[in-house]
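**Student:** Numbering-wise, the working numbering comes out as the position in the sequence shown, counting from 1, plus 8.
Because the hints were derived from the structure by calculation, they are not lab data.
Listed below are the simulated SDA-like cross-link pairs for lysine to any residue, each with C-alpha atoms no more than 20 angstroms apart in a straight line: (1) LYS121 to ARG80; (2) LYS121 to ILE111; (3) LYS32 to GLU82; (4) LYS32 to LEU42; (5) LYS32 to VAL22; (6) LYS32 to PRO20; (7) LYS121 to GLN81; (8) LYS121 to ILE79; (9) LYS32 to GLN81; (10) LYS14 to LEU42; (11) LYS121 to PRO76; (12) LYS14 to TYR45; (13) LYS121 to PRO109; (14) LYS32 to ILE79; (15) LYS32 to ALA44; (16) LYS32 to ARG80; (17) LYS121 to GLU82; (18) LYS32 to PRO76; (19) LYS32 to GLY21.
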Amino acid sequence: MDDETKVFTVHPGVATAGRAQAGKAFQDAVDAELAAYWTTWYHHAVGESADASMHTGLMVRAGQAAAPYLIRQEKWAEACYLLEGAFVRDPSRANATAIMPAIQQIVRRLRRKPPRAPRSMPPPRAATTGPRPPSRHAMSRTCAANSPAFPAPTCLA
9 MDDETKVFTV HPGVATAGRA QAGKAFQDAV DAELAAYWTT WYHHAVGESA
59 DASMHTGLMV RAGQAAAPYL IRQEKWAEAC YLLEGAFVRD PSRANATAIM
109 PAIQQIVRRL RRKPPRAPRS MPPPRAATTG PRPPSRHAMS RTCAANSPAF
159 PAPTCLA
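Required output: the full structure, derived from the provided sequences and hints.
**Tutor:** Dropping the structure here:
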């Protein structure tokens, strides 16, 4: 670090309070920027950069860090893709424990608000006993269709 660079650590409680007061437009902008930042570092760590070397620790950190921002943007497939990649490279109990809350949050939100069906799918049948949640295969196909840059993650399959 040079003399001009300063690093500040912000307590999570302070960050949450500031986020709540910032307003929706600012929150959305921060989520988009930080999701892009951590996703870029994830791809760099995977070896998709000029040096093409794998950095497992950075990959795991970036996948975990990007998830909350992607989840708030409802980018389920991207969040699962990064979390799954981070877990595959480091399947330790500690990493699973760190990743599980984000996966559970994605599953809860998808159950509450299923992803929009792609236009190529037929309209849903009328339910006689109430709404049925979409199958996990339909969710995976829908996530992949809504986000063609990311393959359908197996955490939704």
